[in-house]
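From first to last, the protein sequence lines are chains A and B.
If you're matching positions, the first sequence starts at 1 in my numbering and goes up one per residue.
If you're matching positions, the second sequence starts at 283 in my numbering and goes up one per residue.
Wrong hints could be hidden among the right ones.
Stated by the list, open to error - The calculated DSS-like cross-link candidates involving lysine-lysine, where the alpha carbons are at most 25 angstroms apart (straight line), are:
#, chain 1, residue 1, chain 2, residue 2
1, B, 521, A, 282
2, B, 326, A, 282
3, A, 193, B, 326
4, B, 434, A, 193
5, A, 282, A, 38
6, B, 434, A, 38
7, A, 193, A, 282
8, B, 521, B, 599
9, A, 66, A, 219
10, B, 364, B, 326
11, B, 532, B, 364
12, A, 282, B, 364
13, B, 378, A, 282
14, B, 532, B, 521
15, B, 378, B, 364
16, B, 521, B, 326
As the list claims (entries may be wrong) - Here are the computed distance ranges between Cβ atoms for each label pair:
#, chain 1, residue 1, chain 2, residue 2, range
17, A, 204, B, 326, 54 to 60 angstroms
18, B, 318, A, 123, 25 to 31 angstroms
19, A, 260, B, 305, 55 to 61 angstroms
20, A, 121, B, 488, 32 to 38 angstroms
21, B, 574, A, 123, 30 to 36 angstroms
What the hints contain is simulated information worked out from the structure, not anything from laboratory work.
Quick caveat: nothing in here was measured; it's all calculated off a predicted structure.
Glycine is no exception: its CB is placed at the ideal position from the N, C-alpha and C atoms.
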Amino acid sequence: MVTDVGHAQRVITRTRDAESSGGVFTEIGLVTWRSLVKLTRTPVLLFFSLFMPLIWLVMFSQAFSKVFSQAGPSLPYDYVAVLLPGITVMTAIQSASQSGFGMVADLESGFMDKFFVAPIRRSSVLAGKLLADGLRMAAQTGIILGIAAILTLFGLRIPFATGAVGAVLIMLLAAAFGVAFSGLSNTVALRTKNTETTMMVSFSLTFPLLFLSTALLPKALLPSWVQTFSTVNPVSYMADAARALILTGFDWTAIGNAFLAILAFGIVLNGLAVMAFRAQGK
Amino acid sequence: MSEAATSRPDGKRKAAPPRSSKDSVIDVRHLVKVYGGRGQEEIKAVNDVSFSVGEGEFFGFLGPNGAGKTTVIRIITTLLAKTSGSVSVAGLDVEKDGAEIRRIIGYTGQSIGVDGELTGRENLWLIGRLYHMPNSLVDERVEELLEVLQLKDAADRRAYTYSGGMRRRLDLGAGLVHHPRILFLDEPTTGLDPQTRVAVWEYLRRLHREENMTIFLTTQYMEEADQLCQRIAIIDLGKIVAEGSPAQLKAAIGADIITVRIARDEAFEQSRSRALEIARTIPGVSRATIFDEGVAAYTADGGGTLLEVLRRLDAEKVPVHQVALAHPTLDEVFLQHTGRQMRVEEVKPMSRSFGRRRR
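With the rest of the complex left out, here is chain B:
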């Protein structure tokens, strides 16, 4: 990034703060969020979640839809009230010091909150001014961001003419105009084409590396968490089920994984139990578990054991649908901790008869 891009709104270059996991900037303790009540059914969206994020860390929340990721990020960014627990950002309490917290954080939501009637430049300018930055500084920042996000050519076009990727980049820019110390991104690449996704990743890496920005990201993409995050927490059904660096999490599995998918017929349950029994008797298999579609076997020697597994299953006439051998990835980590494969569902924004283009 250019020299100018690293300048702070106060015009001073920020000195690189010491990187130490001791100074945590986000601290979440026993967070609980219950939706509903008052006659409605209560839903515990977040159930006793605790974690902390260090200064300058790139931290990720990984989980499927409905895991509670968005709820947590909205509570930390003061957009949503918690039910119980404590949440602090830069030592400030979300309930008492909401206004102070809002000054130092940037937030990019899951839905792209760009005003389609305003141009790209106007969108960024408006947000910058809302942060009480002086006009000249806002202008400077907006130009920088348009440049960096490659929106310069489209800057004076109304945002509704933008492609999905351009709008996502503009939305990201809106979270960065005031140069936040901590950036919150709620599924920043959901719905983007692979090429744009990689471009966004590249930009986030630069922000983190060159400006030492603390970044908190939620994602339902294993690859995204693996590529970007120094540390991740896997969240499922409102609880954190695993936490650590991607490497640590993968190493904890410590082996290759053979996944055997069983044919989906009436005898699926029996076939799966049978396959599990067989897998456990095979020498070299250190551990075997069932998951929703079949059986996973952990082994030190994937290639050699795979053959043996296949031969035995075939001999016992277990209807095998598919077999795969994998070195541990976050997919396997997720599988191990939740007993389910992670499925990515692309959520389309709800359409109502009065779309966002109308007033």
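Chain A on its own, in the form it takes in the complex:
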């Protein structure tokens, strides 16, 4: 390059050449790669994020199965089959609650500055992180369903009416639900930059959302005021769709409603997160 060309021009030409080697998908992919590598290097965290769901799967389903069988007519499946969708939602919410922690850690350590000062879109950073979260949630759901399937070998009655295809759909639903819900955790994280607050807000919402939904019991068995609330609770739509897939079959209305509900609250919560993300340094 000749010296009489202005410096800025020289630099721009150079970077434009380099630009060809990656676009927005490369950016997202790199952020996702980083999150997943971190995840696989802390297997303890992975284990404990599955620990609670498994306790529910094994213990709660046992503890309440008698109550359940006495409450309704004799059914061809156990309570665990009713609870299983709820457990997948709970796992997704739990992982979503933690989504903001990584954000706070990166802001505090200064690693986020590395992303912000690089010539990438800010949205790529958020998208890459959410993609990694989604993959993680899908995998967790897959593991839970797999363990549930193994339990059927020991006499637990879980129909798995839609088989492997249904399982994949539940994994997708759980991932989508989790990513949508991550918006809340990330918004709080970005606004407060405090792990404790992030944890408190997300955790304190988890149980009300679960119990005021159809995640743990079918709608007919809920008190009427809870029924009313459950109709505006996105958790219910996710749980209903997953429950249908496990107990009866492909209920496309329920599945469609679930994705619509997830889309709606996902746009709101992640919209807030994007705004909070854009506001960094402003």
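Start from chain A and add chain B according to the hints.
What follows is chain B alone, placed relative to chain A:
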């Protein structure tokens, strides 16, 4: 540095650009940054700061904690929005052309932004790829940097196992993978042991000398600014109080300095005023000023005048705590411009119950 290390991401060797103070690459005019507002108390962190940095210059911002150094560097590197004023980098406006600016600058922040779960090599690789460099070129650059920064042996260890010095070097490397034209360093040696500090200085000198990189550094160490920078601006309480080469700034004082620290008792204020009066009457003292701990007297003949100062103060029973004679250093420059001694406070990173090792 090796032949390969000077190669640009486009594979071409860069020609040495003409060094002239006329082509300024950083231009800051009347920069103001106000934090807070909207119900909160407003804090003017940067108050009408103007300066420029020439192509290939090693420029330093010297000042104590809270002077506004980090705020300025974050505004120039597009990490923080300004309140008013104009800031341009390589002729590009920070507000309008942020993306273009980010391509040509490197930045190493005050806190070490290294991902502890990734290895040293992975950290550098990730940053390189984020700059849209082709894979092969990134690999090449990463190997070079690991070599130069002496991290080769630890390259495949996770960064949380690194010592403070190693992490600082890795962090510095992350700012250099894409071979920036302008490098911004925010207190690059704060918290480092003296040995590592000297090693980092040596590397920065090489970058500047051999690659003609423009370097903008902030520091609270007088010695660092003196050792490295061709030109410095002293910043205090959000304002630039002096600017020039270290030699110029020291020459402006033009004399030896006798600092007399007064005993800290109830009568401190009176003793200090008394000492100032006395100092001003001593022949050979060209100028005397007070500072927070005592009195500073400027003189052409430090050795001779020191004795006289001591004798007079003793005769007048001024409780002298300590006396020092110094040839002008940046410490004295700072003292002269701010009326305070510069104190270096080592800031420990805040610890919260969820540390950086957790996710």
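Now the hints, each set against the structure:
Our distance criterion of 25 angstroms between C-alpha atoms is met by residue 521 of chain B and residue 282 of chain A, whose separation comes to about 21 angstroms. Simply put, residue 326 of chain B and residue 282 of chain A have alpha-carbon atoms about 15 angstroms apart, close enough for the 25 angstroms limit, and the pair holds. With a C-alpha separation of about 23 angstroms, the suggested pair residue 193 of chain A and residue 326 of chain B falls inside the 25 angstroms cut-off, and the hint holds. Taking the CA atoms of residue 434 of chain B and residue 193 of chain A, the gap is near 35 angstroms; set against the 25 angstroms cutoff, the hint is violated.
Between residue 282 of chain A and residue 38 of chain A, the direct Cα distance comes to roughly 29 angstroms. Violation of the 25 angstroms bound is thereby established for this hinted pair. Restraint check: the Cα-Cα separation between residue 434 of chain B and residue 38 of chain A comes to about 22 angstroms, which is no more than 25 angstroms; the hinted pair holds. With a C-alpha separation of about 15 angstroms, the suggested pair residue 193 of chain A and residue 282 of chain A falls inside the 25 angstroms cut-off, and the hint holds. Between residue 521 of chain B and residue 599 of chain B, the direct Cα distance comes to roughly 39 angstroms. Violation of the 25 angstroms bound is thereby established for this hinted pair.
The suggested pairing of residue 66 of chain A with residue 219 of chain A holds, with an alpha-carbon distance near 19 angstroms, which does not exceed 25 angstroms. Only pairs whose Cα atoms come within 25 angstroms are accepted, and residue 364 of chain B paired with residue 326 of chain B is accepted, the gap being roughly 11 angstroms. Simply put, residue 532 of chain B and residue 364 of chain B have alpha-carbon atoms about 32 angstroms apart, too far for the 25 angstroms limit, and the pair is violated. Using a Cα cut-off of 25 angstroms, the hinted pair residue 282 of chain A and residue 364 of chain B holds, with the two alpha carbons roughly 8 angstroms apart.
Proximity of residue 378 of chain B to residue 282 of chain A is assessed by CA-CA distance (about 14 angstroms); at most 25 angstroms being required, the pair is judged to hold. Distance check on the hinted pair: residue 532 of chain B and residue 521 of chain B sit about 20 angstroms apart at the alpha-carbon level, within 25 angstroms; holds. Proposed proximity of residue 378 of chain B and residue 364 of chain B is supported: the alpha carbons are some 12 angstroms apart, at most 25 angstroms. The suggested pairing of residue 521 of chain B with residue 326 of chain B holds, with an alpha-carbon distance near 10 angstroms, which does not exceed 25 angstroms.
The beta-carbon spacing between residue 204 of chain A and residue 326 of chain B, approximately 39 angstroms, falls outside the hinted interval of 54 to 60 angstroms. Our hint of 25 to 31 angstroms for residue 318 of chain B and residue 123 of chain A holds, since their Cβ atoms are close to 28 angstroms apart. Between residue 260 of chain A and residue 305 of chain B the beta carbon distance is about 58 angstroms. The supplied range of 55 to 61 angstroms therefore holds. At about 34 angstroms, the CB distance of residue 121 of chain A to residue 488 of chain B agrees with the hint of 32 to 38 angstroms.
For residue 574 of chain B and residue 123 of chain A, the Cβ-Cβ distance of about 50 angstroms falls outside the hinted range of 30 to 36 angstroms, so the restraint is violated.
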